[in-house]
Every structure is written in structure tokens, then in C-alpha cells.
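Plus 1 on top of the position in the sequence shown (first one is 1) and you've got the working numbering.
It should be emphasised that the hints constitute simulated quantities derived from the structure, not laboratory data.
Certain hints may be false.
[As the list claims (entries may be wrong)] DSS-like cross-link-like pairs, simulated, lysine-lysine; straight-line CA separation at most 27 Å:
(1) Lys219 x Lys179
(2) Lys166 x Lys179
(3) Lys166 x Lys43
[What the hints assert, rightly or not] Label pairs and their computed distance ranges (CB to CB):
(4) Ser6 x Ala238: 42 to 52 Å
(5) Pro81 x Ser237: 49 to 59 Å
(6) Ala17 x Ser138: 22 to 32 Å
Here the structure is a predicted model, which means the values were calculated and not measured.
C-beta: ideal position from N, C-alpha, C; glycine also.
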Amino acid sequence: LNLQSVGTTILFVSHAVDLIRTHCSRAIQLEGGQIVSIGSPKAVVQGYLESLFLRRIKSATVGNDPNITSSDAQKTKSDPDTVQRSYNPDEHRWGDGRAKIINYSITSDEVEEPVIYARGASVEIRMQIHFFESLRSPIYGLTIRTLDGVTVFGANTRSRYLVVKTPSAGDETEIVFKFQLNVLAGDYFISLGVADDDEQADQIAVDRRYDVLHLIVKGGPDDLGFADMEMSISESA
Numbered sequence: 002l003n004l005q006s007v008g009t010t011i012l013f014v015s016h017a018v019d020l021i022r023t024h025c026s027r028a029i030q031l032e033g034g035q036i037v038s039i040g041s042p043k044a045v046v047q048g049y050l051e052s053l054f055l056r057r058i059k060s061a062t063v064g065n066d067p068n069i070t071s072s073d074a075q076k077t078k079s080d081p082d083t084v085q086r087s088y089n090p091d092e093h094r095w096g097d098g099r100a101k102i103i104n105y106s107i108t109s110d111e112v113e114e115p116v117i118y119a120r121g122a123s124v125e126i127r128m129q130i131h132f133f134e135s136l137r138s139p140i141y142g143l144t145i146r147t148l149d150g151v152t153v154f155g156a157n158t159r160s161r162y163l164v165v166k167t168p169s170a171g172d173e174t175e176i177v178f179k180f181q182l183n184v185l186a187g188d189y190f191i192s193l194g195v196a197d198d199d200e201q202a203d204q205i206a207v208d209r210r211y212d213v214l215h216l217i218v219k220g221g222p223d224d225l226g227f228a229d230m231e232m233s234i235s236e237s238a
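Between the sequences and the hints, there should be enough to build the whole structure, so can you do that?
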């Protein structure tokens, strides 16, 4: 930061997207030695993640259409979640469109869609999904990030070794996430996602909604960091 304040340019080369979003003021995406995009860290990182997704689906058989784009996720279902208080209109969404997150609901300490979330409160998020095609091995996940894009926590059904149903075209399901909001006061964004496990491409994004929910957390002392460790401080005589 001291070097930046005197006008020094620092070139940081990395695939760690969280660090790029946190520390960089401008980003450049390179592919095969060529510049693909230049812009804000958020925009370039989103483009980079989409390029990884497209690269994966080219090496795997996905549905009946090899020319899959992120716009294919916008199919016939409406999006009632876009009128909810917690909805972030700047969400970044992509996937191959075989399923769609059609709605979500969030409750904190039995209050639906609160304006402010209390530090340490219990939170329940319900994610409703409609399937346009069958998925071989679906994965459902949630990630919490800071305002700067640093990952605070993330988990999915595969990492938890949970067995979920194999959906067919026309099916709908609901996934429930429950957790304690053990973070310090601040702004946080929650991402929801549906993926399909694949032997060749690992995870194929079906419908990923980055930063779809915006939570404002209040309460507690002015501690440092992100996590609330519920620490006590005392002096022993």
C-alpha cells in the first residue's frame, strides 16, 4: 500500500481470484500469451471464471447442444427472487442451463427477509431449483464472501458427502442451508450454485449465481477480521 501511494505499479501474477479482487485496482486476463480482457478486477475475474467453465464443457458431453453459453440459463421460468430485499442486482450468473435456481428464501431467527442481520444469528436459506434436463450427479452449494470478494466460508453437497436425488427433466427440488452467522459486522454476499459432477470436467456449472444475496450484519464489538471466534478477554490477578 505504501508503494502504491507513491505511484509505484505492482504487477501481481496469480490464478487466486480472491486475492486479485482484494488487492488489485486493475486486472488483465491472458490466454496463450495474448491479452483477452482488461478492466476492473471483478469484471475480469468473472470473465476468467466463465472461460474456465466453457473450457470444461468442451471436454465433456453436455446435453444435446455443444454450443452452450451462459445465456442458456435464462429459460422459461420467471425469477421471483429478484424482487426480494436481499437480492443483489449486480449478481453474476452463468451455467449450461440444464437447471435453474428459480427462487430462494432467507430467514434469520424466524424473521423473513430482515433488513439487518444480527451477528451470530441463525440463518436458513431455501433454494428452489427447476430441471430442464436430467443431471447425472448434481452438486448444490453456497459460498459467503466479503464486500472485497474474499471467501469467508463455502460448502456443497459433494464436499459434505451427502447423497441427493438424481433429477429428471421437469423435476423440482428444494435445498435447505442452515448455519450460524458467526461473522463480524459488515457487508457480505452469498452465492448459490447448481453443478453437475463429471469424470472428465470435475464440476460443470449448471446455474451459478455469484453474489446473489446481500447481507448487512450488525452488532458486537469492533473486532478485526471476518470470523467471530466468540473470544473472551479477562485479566487474571
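Hints versus structure:
1. Lys219 x Lys179: This hinted pair holds, its Cα atoms lying about 19 Å apart.
2. Lys166 x Lys179: holds, 19 Å
3. Lys166 x Lys43: Measuring from Cα to Cα gives roughly 34 Å; hence the hint is violated.
4. Ser6 x Ala238: 42 to 52 Å: holds, 45 Å
5. Pro81 x Ser237: 49 to 59 Å: holds, 55 Å
6. Ala17 x Ser138: 22 to 32 Å: With Cβ atoms ~28 Å apart, the hint holds.
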